[in-house]
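Undergrad: One letter stands for each residue in the lines below.
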Amino acid sequence: MTEIAVSVKNLTVAYNNAPVIQNLNVDIKKGSRTAIVGPNGAGKSTLIKTIMKLIKPVAGQSFIGGSEAKSALKTVAYVPQKGEVNWDFPATVFDVVLMGRYVHKGLFKRPNQTDKNIALSALDTMKMTAYKDHQISELSGGQRQRVFLARAIAHNASIYIMDEPLQGIDITTEALIIKTMKQLQSEGKTFLVVHHNLTTVPEYFNDVILLNKEIITSGPVADVWTEGNINAAYQEKGDKEWTS
Amino acid sequence: MDILTSYSFLVVALGTVILAAAAGIIGSVSVLKGQSLIGDAVGHATFPGVVLAFMLTGVMETSILIIGAVSLGIIAFLLINMMTERSKISLDSALAIVLSGFFGLGMALKSYIQGNPNFNGTQGIDDFIFGQAAYILKSDVYLISLISVISLILFLIFYQQIKIYVFDPVYARTIGINVKLINVLILIMTILLIAAGLKSVGAVLIVNILIAPAVIGMLWSNKFSSVLAVAACAGALSAFSGTYISTALTGIATGPAIILSLSICVIISMLAAPKGIVLKKYRMKKLGESL
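As given, the protein sequences belong to chains A and B, one line each in that order.
Heads up, the first sequence is in UniProt numbering, so the first residue is 1 and it goes up one at a time.
Heads up, the second sequence is in UniProt numbering, so the first residue is 1 and it goes up one at a time.
Derived from the structure by calculation, the hints contain no laboratory data.
Careful, some of the hints might be misleading.
What the hints assert, rightly or not - Calculated cross-link-like contacts (lysine-lysine; reagent style DSBU-like; alpha-carbon spacing at most 35 Å): (1) A/Lys53 - B/Lys285; (2) B/Lys223 - A/Lys182; (3) B/Lys138 - A/Lys82; (4) A/Lys179 - B/Lys281; (5) B/Lys275 - A/Lys29; (6) A/Lys127 - B/Lys280; (7) B/Lys138 - A/Lys132; (8) A/Lys53 - A/Lys127; (9) A/Lys127 - B/Lys281; (10) A/Lys116 - B/Lys280; (11) A/Lys82 - B/Lys280; (12) A/Lys127 - B/Lys286; (13) B/Lys88 - A/Lys132; (14) B/Lys33 - A/Lys127; (15) A/Lys74 - B/Lys223; (16) B/Lys285 - A/Lys127; (17) B/Lys275 - B/Lys223; (18) A/Lys82 - B/Lys286; (19) B/Lys275 - A/Lys70; (20) A/Lys82 - B/Lys285; (21) B/Lys286 - A/Lys70.
Can you make the complete structure from the sequences, with help from the hints?
TA: Below is the structure:
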């Protein structure tokens with residue numbers, strides 16, 4: 001039996017009495033690259049934010065490695081959408097990546113040389129070493145995304161949850177992120193990624209969850225990535241949103 | 001030169017310097033979070049607290065008046081939150097309403113007691129509007145130092161958490177940082193420092209010692225820790241020169257003198273700092289020539 005990294009059971013989340021996602025049941029396999037795909041307003045971000053315990057569900061539960069506890073989140077690195085951070089903050093690229101080590105330090109321990117080396121090596125993986133002393137506000141969209149992925153790598157998590165990491169970035173960064181994802185997957189890491197470009201799903205991911213307020217289907221891309229299923233997710237509400 | 005060696009001046013200057021250094025550091029969190037004006041509203045709101053505390057107790061004791069100041073500061077903060085969350089009032093309107101409403105209440109209460117034979121010894125109240133360091137007692141300096149040192153120790157303990165939270169609040173929550181606790185801590189430290197500084201800087205101008213040092217720091221550095229160091233130094237330096245000016249020239253209140261010193265530092269930094277106007281223009285010009 002395959003091990004489960006993340007699982008949600010009977011999950012319902014609502015904003016202002018209107019359910020955004022309803023009665024979701026899904027398992028994300030350990031060591032998979034799983035995409036969450038669906039039209040605008042399908043509840044993709046809501047689903048991962050609920051898994052990250054940033055939003056409280058109306059009903060149901062979410063589990064990380066079988067545990068419902070908040071502390072289990074320490075094994076998860078979350079890469080948020082770009083708009084969610086304070087870009088005016090006086091921090092260098094290196095500072096931001098070093099923040100990924102905090103989760104292993106606690107209140108009284110400062111980052112030591114080992115932490116700094118881990119952060120440097122994460123920067124190297126994302127080919128951002130040359131920018132290490134740059135102010136984060138000076139970076140382009142693609143470079144910012146690389147820094148966030150470097151922070152997640154420095155976190156040394158076993159599960160990576162990312163909210164549209166490929167939105168509005170350059171092709172080189174996109175290729176680098178996918179390459180890194182595949183590399184980390186070969187080391188046993190799990191990826192759960194909100195993804196908006198339908199054409200690249202089979203190339204980038206091996207599992208997919210088709211979501212439109214409820215699970216339309218989920219499973220290996222080879223089995224469930226069919227035109228019929230995609231149409232079921234996108235056409236049901238008359239909201240066809242193909243991106244080339 | 002006499003002033004610089006005078007014991008009473010040194011005591012007072014020590015108080016304002018410690019206060020401004022601590023306020024520069026703690027205040028930078030509000031600046032970076034884009035909440036500078038909340039400090040202004042809370043600062044003004046502490047004034048009626050001072051008057052009410054005096055009316056209730058009848059003593060002009062700083063430690064008692066501070067309790068009144070802190071209470072009303074907290075009430076003002078909660079009111080601003082309630083107004084913006086529960087009604088459609090925007091943050092800037094809520095701040096304006098609370099700031100002027102509370103300060104107006106303070107002024108009304110002050111006028112009432114100052115013309116009232118039931119209240120004696122009300123002259124000191126005026127010092128809390130613009131600040132008068134000359135009347136600061138040794139016990140006041142102890143109180144300022146105590147509050148400043150406690151605030152700084154708390155800030156140091158939670159430094160990493162505060163840094164991550166201010167930069168990326170969502171990530172902070174996902175790695176188990178207690179965001180609510182951090183928010184409450186920053187609020188309490190800010191209100192305590194405001195209350196501690198009332199007698200020397202005054203309710204009207206106190207926000208400046210929380211905001212201006214951080215603005216100066218951000219013009220000089222790209223690194224959070226250096227921004228804090230510059231902010232603390234700029235605050236301390238301005239507090240010292242402001243206290244000196246107001247001691248040397250009778251008739252100038254300490255608050256305005258400190259704020260004037262800080263404003264000069266802001267202007268110099270805006271022009272000459274690495275991120276200031278002059279160097280930016282120079283860099284652009286050089287870039288243009290090299291093309």
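Undergrad: Hints first: check each against the structure and report whether it holds.
TA: Evaluated hints:
1. A/Lys53 - B/Lys285: Status violated; Cα separation ~50 Å.
2. B/Lys223 - A/Lys182: 34 Å, holds
3. B/Lys138 - A/Lys82: With Cα atoms ~51 Å apart, B/Lys138 and A/Lys82 exceed 35 Å; violated.
4. A/Lys179 - B/Lys281: 41 Å, violated
5. B/Lys275 - A/Lys29: Violated: B/Lys275 and A/Lys29 sit about 49 Å apart, past 35 Å.
6. A/Lys127 - B/Lys280: 29 Å, holds
7. B/Lys138 - A/Lys132: Cα-Cα ~48 Å, so violated.
8. A/Lys53 - A/Lys127: Answer holds: A/Lys53 to A/Lys127 is near 31 Å, not above 35 Å.
9. A/Lys127 - B/Lys281: Judged against 35 Å, a Cα distance of about 31 Å means the pair holds.
10. A/Lys116 - B/Lys280: 32 Å, holds
11. A/Lys82 - B/Lys280: 27 Å, holds
12. A/Lys127 - B/Lys286: 29 Å, holds
13. B/Lys88 - A/Lys132: 43 Å, violated
14. B/Lys33 - A/Lys127: With Cα atoms ~30 Å apart, B/Lys33 and A/Lys127 stay inside 35 Å; holds.
15. A/Lys74 - B/Lys223: 27 Å, holds
16. B/Lys285 - A/Lys127: Cα-Cα ~31 Å, so holds.
17. B/Lys275 - B/Lys223: Given pair B/Lys275, B/Lys223 holds - Cα atoms ~13 Å apart, limit 35 Å.
18. A/Lys82 - B/Lys286: 33 Å, holds
19. B/Lys275 - A/Lys70: 42 Å, violated
20. A/Lys82 - B/Lys285: 33 Å, holds
21. B/Lys286 - A/Lys70: Between B/Lys286 and A/Lys70 the Cα gap is close to 53 Å, so the pair fails against 35 Å, i.e. violated.
Violated hints for the displayed structure, listed by number in ascending order: 1, 3, 4, 5, 7, 13, 19, 21.
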